[in-house]
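Trainee: So you can see what is in the structure, the chains are spelled out below.
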Amino acid sequence: MTIETLPDRRRGPRRAIAPSELDRGESLTGPRPVVVLNNVTKTYPNGRNALHEVDLVVPEGDFVFLVGPSGAGKSTLIRLLIRDELATEGTVMLDGDDLAKLPRRRVPRVRRKVGIVFQDFKLLPAKTARENIAFALEVTGTARNRIGPSVDRVMALVGLTAQADQYPHQLSGGEQQRTAIARALVHDPRIVIADEPTGNLDPLISWEIIQLLLRINELGVTVLMATHDADVVTALRKRVVALEDGHVMRDELGGGYHRR
Amino acid sequence: MLPAALRCGRLGSALISFLAFSLSRAWRSFWRNAAMSLAATATMTLMLLLLSGFWIVQAGMLAGLQFVEQKVQVVADLKDGTPESAVSTLQSKIAAMPEVIDVAYVSKDEALRRYQENRQARGEEDQTSFLGVNPLPASLEVRLRKADDFDIVTTALRADPNVQRVTNIAKLADQVATISQVLRTVGVALLAVIGAIVLFIVINTIRLAVVGRAEEIEIMRLVGASDAFIRWPFVFEGAFVGLIGAGVTLAILAGAADPLSRFMFDFFRILPLSLGSIARDVSLLVLGAGTGLGILGAWISVRTYLIR
Chain A
16 MTIETLPDRR RGPRRAIAPS ELDRGESLTG PRPVVVLNNV TKTYPNGRNA
66 LHEVDLVVPE GDFVFLVGPS GAGKSTLIRL LIRDELATEG TVMLDGDDLA
116 KLPRRRVPRV RRKVGIVFQD FKLLPAKTAR ENIAFALEVT GTARNRIGPS
166 VDRVMALVGL TAQADQYPHQ LSGGEQQRTA IARALVHDPR IVIADEPTGN
216 LDPLISWEII QLLLRINELG VTVLMATHDA DVVTALRKRV VALEDGHVMR
266 DELGGGYHRR
Chain B
67 MLPAALRCGR LGSALISFLA FSLSRAWRSF WRNAAMSLAA TATMTLMLLL
117 LSGFWIVQAG MLAGLQFVEQ KVQVVADLKD GTPESAVSTL QSKIAAMPEV
167 IDVAYVSKDE ALRRYQENRQ ARGEEDQTSF LGVNPLPASL EVRLRKADDF
217 DIVTTALRAD PNVQRVTNIA KLADQVATIS QVLRTVGVAL LAVIGAIVLF
267 IVINTIRLAV VGRAEEIEIM RLVGASDAFI RWPFVFEGAF VGLIGAGVTL
317 AILAGAADPL SRFMFDFFRI LPLSLGSIAR DVSLLVLGAG TGLGILGAWI
367 SVRTYLIR
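Protein sequences, first through last, are from chains A and B. According to this note's numbering, numbering within the first sequence proceeds without interruption in unit steps and concludes at 275. According to this note's numbering, numbering within the second sequence proceeds without interruption in unit steps and concludes at 374.
Hints in this document: simulated from the structure, not taken from any laboratory. Check the hints yourself; a few may be wrong.
[Stated by the list, open to error] Computed list of chain B residues with no C-beta within reach of chain A, every gap over 10 angstroms:
#1 W121
#2 P149
#3 T155
#4 P164
#5 R188
#6 N200
#7 I218
#8 R224
#9 Q247
#10 R250
#11 V252
#12 G290
#13 G313
[To be verified] Only pairs whose alpha carbons sit at most 16 angstroms apart, straight line, appear in this in silico EDC-like list of lysine to aspartate or glutamate:
#14 A:K128 to A:D110
#15 A:K137 to B:E281
#16 A:K142 to B:E281
#17 B:K174 to B:D143
#18 A:K137 to B:D143
#19 A:K137 to B:E282
#20 A:K142 to B:E282
For each residue, glycine too, the CB sits at the ideal point set by N, CA and C.
Sequences are here, hints too, so could you generate the full structure?
Mentor: Below, the structure is given as structure tokens:
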């Protein structure tokens, strides 16, 4: 496993911080937050209030579990982060960009900073694992000669090199999810958002996927994982953000799935 | 609209690789979804045939009408013994009128010669040789720009003392003017209606092909593909559908051109139809409409997925 090949973002070059960014509550010292939600409320056109005055800061390099029952607002929060939806009130900042003020043509660039992983994998059935991963680079205009090496790197990282030329229906659930994770990583994202990534997998395979996400986090990539899996959350003692009826009920480091 | 990479730096190579990506993706997905693509192409072909067929009929009718309109002329018979100077004065006076294309003088001898030729052409016996004198009058043939204007010209001719008789073409002129106006109006309206129907059907057919790939578009959006990268492969695919449809349509029309023109020839009688110009117009129409509709259909269909 050639984990070392993924660049460590924490030591990578940082762009200069403009004075205006200081006004947005960013500090010059310490890691810059990848995600900042400030007093965010989301009301859907049908009147459903999915999120209510949510504050959340995810610093760079963090590993955050997002827990809560179905309908608590986890999916809405994720949709806000990939700018599939816009907040009704409050601001959502991703890597220093206010998503509400982002011009439409800049949205794709910001989405490339987010690697997203779904419960249902969302792989294209007519493409091999390798082609599925390369697809993410092809459709964003990456030069052809850079696609091959990047795909090889992430496939090695998730341990899929041997299955590269198999189609999704030939892969096990865990392998499909690892393909999806590789695809999420291939753009060198600032944050990986995993929406119930183990929801369709049996416990043993789930652990493998969690281990993979932890390893990616160790390499410096921020990870936000929404999950129902109480065992995993409790065992890992990472930061836990609990949503309930659109409110943040709890945000604690080293927390369990349930309130103690 | 275009990705930033295309706008700044390494523009040439980025543009080429973008085009190569879009074209090859369009071509591959056209064949990967062959059933859908061929259905769209077949629809396109049928619609283009409808459009061009109507266009040809319309163009043929208008050409025929124009021919008839040019044939509308006022003939003024002159009294025998009118001096030549009086004739040329009248001729130039009428020719100066804005409604008139030209005025031709037909002498008594010329009139007789035409009459004999006409008889001969119909295979009838020439009986004029039994007459001692030429009974036909000399005349002025006045060609009009528009059939409607015959009244003004007729009045002007009747005012001259040397004019014996002016042929009455009121009814003919009226009919020609009315028919040509109705045909033009109805033709344009029908063409617009057919065009709208064709547009609607083609767009919906292509939309079906796009909807079938909604998942792919969704993934492209999620991995951060810019609108241009999502849109153009589909637009090129729409253009393929249009171009192939246009090609098939033109092939069918080329095969049908000969019997068709013979039919038109028979139908409209001896009309000097300029088939060359109609063929050119129809080729341009079919190619333009096919490609344009394909592109427009794809553009509109993909738009639904991009607006978010």
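Trainee: Run every hint past the structure and note whether it holds.
Mentor: Status of the hints after comparison with the structure:
| no. | hint | in the structure |
| --- | --- | --- |
| 1 | W121 | 40 angstroms, holds |
| 2 | P149 | 85 angstroms, holds |
| 3 | T155 | 76 angstroms, holds |
| 4 | P164 | 59 angstroms, holds |
| 5 | R188 | 74 angstroms, holds |
| 6 | N200 | 86 angstroms, holds |
| 7 | I218 | 64 angstroms, holds |
| 8 | R224 | 75 angstroms, holds |
| 9 | Q247 | 50 angstroms, holds |
| 10 | R250 | 46 angstroms, holds |
| 11 | V252 | 45 angstroms, holds |
| 12 | G290 | 4 angstroms, violated |
| 13 | G313 | 28 angstroms, holds |
| 14 | A:K128 to A:D110 | 8 angstroms, holds |
| 15 | A:K137 to B:E281 | 8 angstroms, holds |
| 16 | A:K142 to B:E281 | 13 angstroms, holds |
| 17 | B:K174 to B:D143 | 10 angstroms, holds |
| 18 | A:K137 to B:D143 | 90 angstroms, violated |
| 19 | A:K137 to B:E282 | 9 angstroms, holds |
| 20 | A:K142 to B:E282 | 11 angstroms, holds |
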